[in-house]
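So the sequences go chain by chain: Y and G.
Going by the numbering used here, the residue at position 205 of the first sequence is 205; the numbering climbs one at a time, nothing skipped.
Going by the numbering used here, the residue at position 330 of the second sequence is 330; the numbering climbs one at a time, nothing skipped.
No wet-lab data here; the hints were simulated from the structure.
Computed from a prediction, not measured in an experiment: that's the story for all the values here.
Errors might be hidden in some of the hints.
[As the list claims (entries may be wrong)] Anything over 10 Å on all C-beta distances counts as not near chain G; from chain Y, calculated:
(1) GLU28
(2) LEU33
(3) GLY66
(4) LEU77
(5) THR104
(6) VAL136
(7) GLU303
(8) HIS363
[What the hints assert, rightly or not] Here's a subset of chain G near chain Y, in silico, CB distances under 7 Å, partners left out:
(9) ARG32
(10) GLN36
(11) LYS88
(12) PRO428
Built from N, CA and C at the ideal position, the CB exists for glycine as well.
There are 2 protein chains.
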Amino acid sequence: MVPHLATAVTGPLLDLEKKILEATPAIERWFRLEWQEHTPPFYCSVDLRNAGYKLAPVDTNLFPGGFNNLSTEMLPLTVQAAMAAIDKYCPDARNLLLIPESHTRNPYYLQNVQRLMQIFRQTGLHVRLGSLSPEVTEPTPLALPDGNMLVVEPLVRSPNGRRVGLADFDPCTILLNNDLSAGIPSILENVHEQSLLPPLHAGWAVRRKSNHFKAFDEVAKKFGKLIDIDPWLVNPLHSKCGEVNFQEDVGMECLADNVSALLSKIKKKYKEYGMKDQKPFVIVKPDAGTYGMGIMTVKDASEVKDLNRKQRNKMSVIKDGVTVTDVMIQEGVPTFESINDAVAEPVVYMIDRYVVGGFYRVHAERGVDQNLNAPGSQYVPLAFAQQHAVPDLKAKPGTAAPNRFYVYGVVARLALLAASLELERTDPDPEIY
Amino acid sequence: MVPHLATAVTGPLLDLEKKILEATPAIERWFRLEWQEHTPPFYCSVDLRNAGYKLAPVDTNLFPGGFNNLSTEMLPLTVQAAMAAIDKYCPDARNLLLIPESHTRNPYYLQNVQRLMQIFRQTGLHVRLGSLSPEVTEPTPLALPDGNMLVVEPLVRSPNGRRVGLADFDPCTILLNNDLSAGIPSILENVHEQSLLPPLHAGWAVRRKSNHFKAFDEVAKKFGKLIDIDPWLVNPLHSKCGEVNFQEDVGMECLADNVSALLSKIKKKYKEYGMKDQKPFVIVKPDAGTYGMGIMTVKDASEVKDLNRKQRNKMSVIKDGVTVTDVMIQEGVPTFESINDAVAEPVVYMIDRYVVGGFYRVHAERGVDQNLNAPGSQYVPLAFAQQHAVPDLKAKPGTAAPNRFYVYGVVARLALLAASLELERTDPDPEIY
Numbered sequence: 001m002v003p004h005l006a007t008a009v010t011g012p013l014l015d016l017e018k019k020i021l022e023a024t025p026a027i028e029r030w031f032r033l034e035w036q037e038h039t040p041p042f043y044c045s046v047d048l049r050n051a052g053y054k055l056a057p058v059d060t061n062l063f064p065g066g067f068n069n070l071s072t073e074m075l076p077l078t079v080q081a082a083m084a085a086i087d088k089y090c091p092d093a094r095n096l097l098l099i100p101e102s103h104t105r106n107p108y109y110l111q112n113v114q115r116l117m118q119i120f121r122q123t124g125l126h127v128r129l130g131s132l133s134p135e136v137t138e139p140t141p142l143a144l145p146d147g148n149m150l151v152v153e154p155l156v157r158s159p160n161g162r163r164v165g166l167a168d169f170d171p172c173t174i175l176l177n178n179d180l181s182a183g184i185p186s187i188l189e190n191v192h193e194q195s196l197l198p199p200l201h202a203g204w205a206v207r208r209k210s211n212h213f214k215a216f217d218e219v220a221k222k223f224g225k226l227i228d229i230d231p232w233l234v235n236p237l238h239s240k241c242g243e244v245n246f247q248e249d250v251g252m253e254c255l256a257d258n259v260s261a262l263l264s265k266i267k268k269k270y271k272e273y274g275m276k277d278q279k280p281f282v283i284v285k286p287d288a289g290t291y292g293m294g295i296m297t298v299k300d301a302s303e304v305k306d307l308n309r310k311q312r313n314k315m316s317v318i319k320d321g322v323t324v325t326d327v328m329i330q331e332g333v334p335t336f337e338s339i340n341d342a343v344a345e346p347v348v349y350m351i352d353r354y355v356v357g358g359f360y361r362v363h364a365e366r367g368v369d370q371n372l373n374a375p376g377s378q379y380v381p382l383a384f385a386q387q388h389a390v391p392d393l394k395a396k397p398g399t400a401a402p403n404r405f406y407v408y409g410v411v412a413r414l415a416l417l418a419a420s421l422e423l424e425r426t427d428p429d430p431e432i433y
Numbered sequence: 001m002v003p004h005l006a007t008a009v010t011g012p013l014l015d016l017e018k019k020i021l022e023a024t025p026a027i028e029r030w031f032r033l034e035w036q037e038h039t040p041p042f043y044c045s046v047d048l049r050n051a052g053y054k055l056a057p058v059d060t061n062l063f064p065g066g067f068n069n070l071s072t073e074m075l076p077l078t079v080q081a082a083m084a085a086i087d088k089y090c091p092d093a094r095n096l097l098l099i100p101e102s103h104t105r106n107p108y109y110l111q112n113v114q115r116l117m118q119i120f121r122q123t124g125l126h127v128r129l130g131s132l133s134p135e136v137t138e139p140t141p142l143a144l145p146d147g148n149m150l151v152v153e154p155l156v157r158s159p160n161g162r163r164v165g166l167a168d169f170d171p172c173t174i175l176l177n178n179d180l181s182a183g184i185p186s187i188l189e190n191v192h193e194q195s196l197l198p199p200l201h202a203g204w205a206v207r208r209k210s211n212h213f214k215a216f217d218e219v220a221k222k223f224g225k226l227i228d229i230d231p232w233l234v235n236p237l238h239s240k241c242g243e244v245n246f247q248e249d250v251g252m253e254c255l256a257d258n259v260s261a262l263l264s265k266i267k268k269k270y271k272e273y274g275m276k277d278q279k280p281f282v283i284v285k286p287d288a289g290t291y292g293m294g295i296m297t298v299k300d301a302s303e304v305k306d307l308n309r310k311q312r313n314k315m316s317v318i319k320d321g322v323t324v325t326d327v328m329i330q331e332g333v334p335t336f337e338s339i340n341d342a343v344a345e346p347v348v349y350m351i352d353r354y355v356v357g358g359f360y361r362v363h364a365e366r367g368v369d370q371n372l373n374a375p376g377s378q379y380v381p382l383a384f385a386q387q388h389a390v391p392d393l394k395a396k397p398g399t400a401a402p403n404r405f406y407v408y409g410v411v412a413r414l415a416l417l418a419a420s421l422e423l424e425r426t427d428p429d430p431e432i433y
């Protein structure tokens, strides 16, 4: 089922779609060569924004939840990609330890965990769940909506201290589906005999969005050269501020200056493309962190100077009670897509270097310039499975769903490649990497 | 769309389905380990027969046509597998030369070629067609049903004699979709700098079905041990006769003896499984060759002794006018599947080690004990994409389509593994392999 989509079909994006479709062999070969030099993250989801005039990633998640939101038709693709990934890290693996988010009984999240377990069972692995929560001291059942149970178990370090597993379960691979917002747990430190995926420095305790988008600048530049386009068409402008404290009103000057400078840059770009009616905006968000918390849409620098107490509170603390000190300012890319009048943005899922599916995140009460990753959002599975379904070079640009999804898959993979560069460069222990 | 299928749901097959589903992690891991030791053929299609009491491959094709019969929903799976395959043989490849069957303007076959070209374009390759036909001396257009054109071009050996390509096209990989029934063409001999896939000895000029099924005996035995079943449940009994000449009535004694011995063996197996009403039969077919030619259903040894002139003519010559001298006798596995009252058999497609799709070959005018690969057969695309779609362990055996397709994918991969062993053992030049 492909939901009815309304997308802006004017301006440079059509040209972008056309260029990407025509250059498919060159693009796919380029990716093939890049993946010889760089290791893709184990898995990844990318939030895209299609503004009609540009198509860009706005968020790259290295601990994707939401696999339950992919349509079941996409499962074979996911299993095949997971097979390729496992084969690379641990070809003779028998056991996989999956570490989910702690402290959650959210049924949707648990369905995501269940789906991941099903996927890896089909790759020839016994999968069990280990918990980072100190409260889990014995096997603990968690009820699923379908009446089944998941069991999370306490993590155990092996007697010689070199391996992590469960009491009677020694995994070859440890897969994190916990983004480590709360910090790096000591039980996962110095694991060298097993594959710990993604690596610890991919967690939000270490990771910074600004590093990702710095790497993305490079990737977009290379890609722009490859298919002869302005990299801005796939890349949101960005800057950052450190040493911000919303609670104590510290660093607001830096924030306002950066917002102002970025708005000017965007305005210049709009002018270049003759977009007279478009009003620039930026998104202010924590440089580390996820879950759609602490995010603000800003249209004028004065807005960040005049934050009230309530707004400052909202911006200052995110998931797991972490205080925000580093802030990223990102060009706002409005979404011109909607499903049944609700604002929508595509999310693309990847395992290893393969696009395995996606969905639209839809929010009926949000605007085209707002963050949609918020309570009240819904998920519409998308026929991203069609993304490679022989793009139709003869279709009028903007009219064929497989063409659009293929283009989404290409741009999402640019973010995947950027994540790969980012992880290489931020690796605290590059010899082992 | 899953067509309505009627399948016998009694007897050992249900037990087989149950065992395979339960042992999924072990089976997938076993395949993973086997593929570390053995290289899968580049691509492969396997004809299966589901008799209700057994499920077995009856034919393994190393030059599969019919990619156009796979549903378009399966294309992403096919592209992903093709990416993995290309990455293995020629990761920096820019060009692929595809060599199709010669002398055919059959629109269905040309659609298969078109589909293959589309698939490999999506893996980042420029694809062009080279012809083995001496009549193709310049680029020659072939009309497709959709109004497009394919262009086949004459093959050219490079000036230093070491490479094969087209006049202005130097491929890294040469993919054969021509089964070489007519013999090994000299222009393809001694190609060492490029990947020639599948290798020349996979062609019917060299290949023998009996070698394949000898290798399959081993694979089935190992698999039987792995999941604790009688290998006969997935393996058709077989034997062979050399030096047969149907035209001159030579070798009929050997044939009759082998038919008789095989029928006795089958009868014994039927007795072991308490199948009183089942009448054994065998299939007599050329040990080399394809296209469903020269195939006969035999229920009694006397039938092969009393062949009339017309029958002998029919058995003696197959595709490309090749005379049959080696004959294989294979246990007949009736199909208990039908679609709208027409007899049906599943065909499973694989690229590298991945199941990428399949369809039912359906023939309204043939019986359950006859070859369906004959004029008048039709193709119903199957949701084999669901083959990995999280088999439902709680479904009653025989009732869930994803479960059945998963089981088909497992048995087809047993044949794939046998083909891999077969190609290793028959390689005339194992150092290079």
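Outcome of the hint check:
For Y/GLU28, the non-interface assignment is contradicted: its Cβ lies about 3 Å from the closest Cβ of chain G, within the 10 Å cut-off. Once the 10 Å rule is applied to beta carbons, Y/LEU33 is inconsistent with being away from chain G; the minimum gap is 6 Å. No beta-carbon of chain G comes within 10 Å of the beta-carbon of Y/GLY66; the shortest separation is about 17 Å. With 10 Å as the threshold on Cβ separation, the claim that Y/LEU77 sits away from chain G is violated: the shortest Cβ distance comes to roughly 6 Å.
Non-interface call for Y/THR104 relative to chain G: holds, since the shortest CB-CB distance, roughly 22 Å, exceeds 10 Å. A cut-off of 10 Å between C-beta atoms confirms that Y/VAL136 is not in contact with chain G; the least separation is 24 Å. The Cβ of Y/GLU303 sits about 44 Å from the closest Cβ of chain G, beyond the 10 Å cut-off, so the non-interface label holds. Remark: the non-interface label on Y/HIS363 is consistent with the geometry, its nearest Cβ contact in chain G lying 28 Å away (cut-off 10 Å).
A least Cβ separation of about 5 Å between G/ARG32 and chain Y falls short of the 7 Å threshold, and the interface hint therefore holds. The interface hint given for G/GLN36 holds, since its Cβ lies 6 Å from the closest Cβ of chain Y, which is under the 7 Å cut-off. Taking 7 Å as the C-beta cut-off, the interface hint given for G/LYS88 is violated, the closest approach to chain Y being about 11 Å. Taking 7 Å as the C-beta cut-off, the interface hint given for G/PRO428 is violated, the closest approach to chain Y being about 30 Å.
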